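A.B. asks: Those protein sequences? They're chains A and B, same order as listed.
For the first sequence, this note's numbering begins at 950 and goes up steadily by one.
For the second sequence, this note's numbering begins at 950 and goes up steadily by one.
I should point out that these hints are in silico values taken from the structure, not numbers from a laboratory.
Watch out, some of these pointers could steer you wrong.
Unchecked claim - Derived, one-sided and incomplete: chain B residues facing chain A with beta-carbon distance under 8 Å: (1) Ile-951; (2) Asn-983; (3) Gln-985; (4) Leu-986; (5) Arg-994; (6) Gly-1003; (7) Val-1007; (8) Tyr-1008; (9) Tyr-1011; (10) Thr-1091; (11) Leu-1096; (12) Thr-1100; (13) Leu-1109; (14) Val-1122.
To be verified - To list a few chain A residues with every Cβ distance to chain B over 10 Å, as calculated: (15) Leu-961; (16) Asp-980; (17) Asn-983; (18) Gly-993; (19) Gly-1003; (20) Ala-1014; (21) Arg-1056; (22) Lys-1117; (23) Pro-1138.
In this text the structure is predicted, and so the values were computed from the model without any measurement.
Here a beta-carbon is modelled for each residue, glycine too, at the ideal position from N, C-alpha and C.
Protein chains: 2
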Amino acid sequence: MITVALAKGALLKDSVARFLKAGLDFTALLDPDNRQLMVPSSCGRARALLVRNGDVPVYVAYGQAQLGVVGYDVLREHQMPVAQLVDLGFGGCHLAVAVKATSGYRRASDLPPHCRVASKFTHCAKGFFEEIDLPVELVHLTGSVELGPITGMAEAIVDLVATGRTLKENGLVSIEELFHSTARLIGNPLSLRLDSGELQEIVEAVRDNDQLRKASS
Amino acid sequence: MITVALAKGALLKDSVARFLKAGLDFTALLDPDNRQLMVPSSCGRARALLVRNGDVPVYVAYGQAQLGVVGYDVLREHQMPVAQLVDLGFGGCHLAVAVKATSGYRRASDLPPHCRVASKFTHCAKGFFEEIDLPVELVHLTGSVELGPITGMAEAIVDLVATGRTLKENGLVSIEELFHSTARLIGNPLSLRLDSGELQEIVEAVRDNDQLRKASS
């Protein structure tokens, strides 16, 4: 039985659609009344685990799911030992440094040394500020990071930006991008190595419909 | 201006009620249409920040909020430098070790050495298993921890249990309690030391209506 870990939230609808095209029907997960966290595919060949974004690579790394779909941002932040198989293209956003629009900072290197930077992505943020050689104090938050500059706790934030609407609504502006992120198909390395063909077939079907999508766009 | 950090979710309604009795009206936060994360009290003396549970002690520790309400479980897990002022009594639950009901384990010390334990509270779990001298591999999850034993990833979980309904629905049973948790009023130590009386007045009003509650129960 193949198990696929899918992330709750913004990536779910597209993830289910991609697996459906590859022959695995997990549309039951999209039913708003669904409370099940483990759902069999309609063909009975596979099942899906519905978990938090950040937990997808954990289930795949430990082999409880052989495949998973998760944002590249999560892979960069958590560094779990999983294989990246296909860039699925959807869920596009970027991790960016943002400041108050009124602050006068126009790039990350304008920020004063030892300023505070709030983020859910403190690992990525640490790497970025080390690279530009700017010592900052990172404050780990788990949500509503835009409150950091508004309350005066932080001069800047490092957060995911998709449409830019949340930034704008909070008087913030993006001044530098760390990297672009999209949804990725990931796999458990050992399962892939021991695979007798069944996993590879699904990976290829998902990859193929990815190439079809690219060719048609 | 006094700022109070309140946690979204299960503790919010009771937190707002307690501040209301103490003279600060943040009922606007309970309006389901409210999208504001920073809301002034109706008297204009104070404002509330609506943040994630785990972020309350961060805002209080950094002094962006002088007071906050958060579960004792969060304080134990994150160990931020904040002052615990009043045990508010509501939001009761306990952090517990749970296993599959069919597993045969009846206490934590029955678990096999080097087994896997999944938890959102890995800091608390680490302390507990060190204390009973049982080496375990902790797996940090951010949600739906009950999937750990169901998928076979973990022999046990350490998670918050309030009514026990989630455990029961997932065929799990609590076998040992780490500690009991309730909502706590916390404060920024420096703000409390420099306070000219205004903060202390609110703390006393919240404490008094806590004692009234206890006397009448």
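A.B. asks: Please go over all the hints and tell whether each is borne out by the structure.
C.D. replies: Comparing the hints with the structure gives:
{"no.": "1", "hint": "Ile-951", "verdict": "13 Å, violated"}
{"no.": "2", "hint": "Asn-983", "verdict": "13 Å, violated"}
{"no.": "3", "hint": "Gln-985", "verdict": "11 Å, violated"}
{"no.": "4", "hint": "Leu-986", "verdict": "6 Å, holds"}
{"no.": "5", "hint": "Arg-994", "verdict": "18 Å, violated"}
{"no.": "6", "hint": "Gly-1003", "verdict": "5 Å, holds"}
{"no.": "7", "hint": "Val-1007", "verdict": "6 Å, holds"}
{"no.": "8", "hint": "Tyr-1008", "verdict": "7 Å, holds"}
{"no.": "9", "hint": "Tyr-1011", "verdict": "5 Å, holds"}
{"no.": "10", "hint": "Thr-1091", "verdict": "5 Å, holds"}
{"no.": "11", "hint": "Leu-1096", "verdict": "6 Å, holds"}
{"no.": "12", "hint": "Thr-1100", "verdict": "4 Å, holds"}
{"no.": "13", "hint": "Leu-1109", "verdict": "16 Å, violated"}
{"no.": "14", "hint": "Val-1122", "verdict": "18 Å, violated"}
{"no.": "15", "hint": "Leu-961", "verdict": "14 Å, holds"}
{"no.": "16", "hint": "Asp-980", "verdict": "17 Å, holds"}
{"no.": "17", "hint": "Asn-983", "verdict": "13 Å, holds"}
{"no.": "18", "hint": "Gly-993", "verdict": "18 Å, holds"}
{"no.": "19", "hint": "Gly-1003", "verdict": "5 Å, violated"}
{"no.": "20", "hint": "Ala-1014", "verdict": "8 Å, violated"}
{"no.": "21", "hint": "Arg-1056", "verdict": "25 Å, holds"}
{"no.": "22", "hint": "Lys-1117", "verdict": "14 Å, holds"}
{"no.": "23", "hint": "Pro-1138", "verdict": "16 Å, holds"}
Consistency note: the structure conflicts with the earlier hints numbered 1, 2, 3, 5, 13, 14, 19, 20.
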